[in-house]
Amino acid sequence: MDLVAITAVAIVGIGLFWFISTSNQFTRYEHLLKESWANVDIALKRRHDLIPNLIETVKAHAVHERELLERLVQLREAAVSDPSATNENQLSQALSIVVARVEGYPELRSSESYLALMQELVNTEDRIAAARRFYNANVRDFNILRESFPASLLAGDRREAEPYEIESAEVRAVLPAITIPHADVKISLQQP
Amino acid sequence: MPYPRLKCGMEGLFIVAGILVIGVFVLLAQMQAQRAERRRTEFSNLVAQHGMRYFPAGFSDVAPGGFWQQLLADWRSTDAGRFLCRFEGFEPFGTGNRPKAVNICYGIINLIEWTLFDYSYTVTRSNGKTTSTVTYSFGVVAARIDYRLPSLTLGRESFMTRLFGAKDMNFEVEEFNQRYHVQTDDPAHSSQVINPAMIEYLLSLPVLSWQLTGNQILIALNSEQEPSKLFQIREVIEGFLHRVPDFVRDDRKLVGVSLESPF
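Read top to bottom, the protein sequences are chains A and B.
Per this note's numbering, residue 59 is the first one in the first sequence, and the count goes up by one each step.
Per this note's numbering, residue 2 is the first one in the second sequence, and the count goes up by one each step.
Any given hint could turn out to be false.
Unchecked claim - Calculated cross-link-like contacts (lysine-lysine; reagent style DSS-like; alpha-carbon spacing at most 25 Å): (1) B:Lys254 x A:Lys103; (2) B:Lys101 x B:Lys230; (3) B:Lys168 x A:Lys92; (4) A:Lys92 x A:Lys103; (5) A:Lys103 x A:Lys117.
Derived from the structure by calculation, the hints contain no laboratory data.
From just these sequences and the hints, can you work out the full model?
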């Protein structure tokens with residue numbers, strides 16, 4: 059009889075422990091998702107803030123690109139009001155076109171302000187990529203937890219989190235090549 | 002009278018065996034000395050090639066027991082303390098007694114401070130009747146930089162680490178997740194450092210035990226290593242540091258930190 063009681067208490071204890079730890083895990087992931095999304099948002103805002111500077115710098119040298127720059131302004135405004143993946147992707151495409159067109163203006167390309175701006179844009183695109191990767195990693199972990207049995211029993215009305223898929227790599231690809239010193243160094247280490 | 006002849010023969014045999022044993026010891030000692038000399042020469046050559054400085058004697062004049070405790074209490078009192086305390090918090094430092102760092106290669110190259118050395122410590126065990134002392138040796142390569150890295154360890158993923166290891170940080174490349182066990186206390190910062198380029202780079206290398214803390218990165222290889230191997234590891238770490246994005250360096254820049262020689 060005692061053994062039955064002990065077993066019952068142990069089962070209830072284990073169940074309670076699982077319930078509390080899984081519920082806390084869900085809460086932790088929800089906070090992580092919010093925090094990591096905030097990082098994406100900050101990185102995107104940084105890009106939005108850079109675009110007016112870029113437009114001013116390009117406008118001074120490349121008067122024939124007025125139409126393209128106007129389109130960039132419109133897309134920026136759309137992305138600022140709604141930083142959805144669609145708007146951000148359109149902005150990325152327009153941005154990459156502007157950067158590619160600048161290749162035809164050697165004076166602009168060699169100006170100090172433009173080079174500094176490009177360096178800042180490189181950093182910003184890297185920030186966006188890093189923030190997006192971290193957010194998507196949290197989305198993946200949250201969704202795995204939400205769909206795994208038996209944690210799925212406690213998922214309740216928590217909806218599946220959606221990864222944020224933007225193509226910042228498109229802009230990064232046309233930016234001036236940032237060389238990685240020693241990237242070509244061939245290292246031959248024997249497997250330990 | 003066969004017995005005395007046998008006794009005489011046994012004595013002779015013992016003498017010959019004794020001479021042989023002594024001879025073997027002398028030979029081994031000589032071979033070890035030659036090997037140590039050859040390593041010192043190799044270290045000297047490599048250090049000259051890389052524009053670094055070489056300290057063959059290193060630091061071994063440290064207290065015989067409870068060294069780490071003594072060091073923490075009065076850590077700036079000795080050169081050895083100043084040197085070894087730089088690696089406090091990294092494995093295998095802080096363990097055992099009689100820590101010894103020899104064949105130290107030191108230099109600052111492109112704003113990275115490099116320290117390569119042979120490290121050893123002893124552990125004495127006693128069961129009440131007998132006492133045995135074991136010496137553990139390592140080849141250490143450490144880099145100090147002027148920005149902060151996340152506290153992060155990367156090592157080989159195994160069945161045991163999957164089962165008993167602390168929570169592993171996973172990335173978007175499954176091959177990487179299967180090869181590396183990644184532990185960190187700052188996943189956001191770590192994911193900035195372990196970016197796709199870094200993942201690709203790490204996958205191109207054999208799995209090493211990476212330790213990142215503060216503004217240092219360190220790899221300690223078990224047992225004494227060939228000097229050329231340590232310098233190869235230096236290049237591997239250099240490749241790692243060059244793949245850290247610029248914005249991470251800018252955001253985590255350490256103000257007021259200067260890379261200064263402990264010598």
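For each hint, the structure was consulted:
1. B:Lys254 x A:Lys103: 22 Å, holds
2. B:Lys101 x B:Lys230: 20 Å, holds
3. B:Lys168 x A:Lys92: Satisfied, since the Cα-Cα distance of roughly 21 Å is no more than 25 Å.
4. A:Lys92 x A:Lys103: Distance ~16 Å between Lys92 (chain A) and Lys103 (chain A) Cα, so the pair holds.
5. A:Lys103 x A:Lys117: Satisfied, since the Cα-Cα distance of roughly 22 Å is no more than 25 Å.
When each numbered hint is compared with the structure, no violation occurs for any of them.
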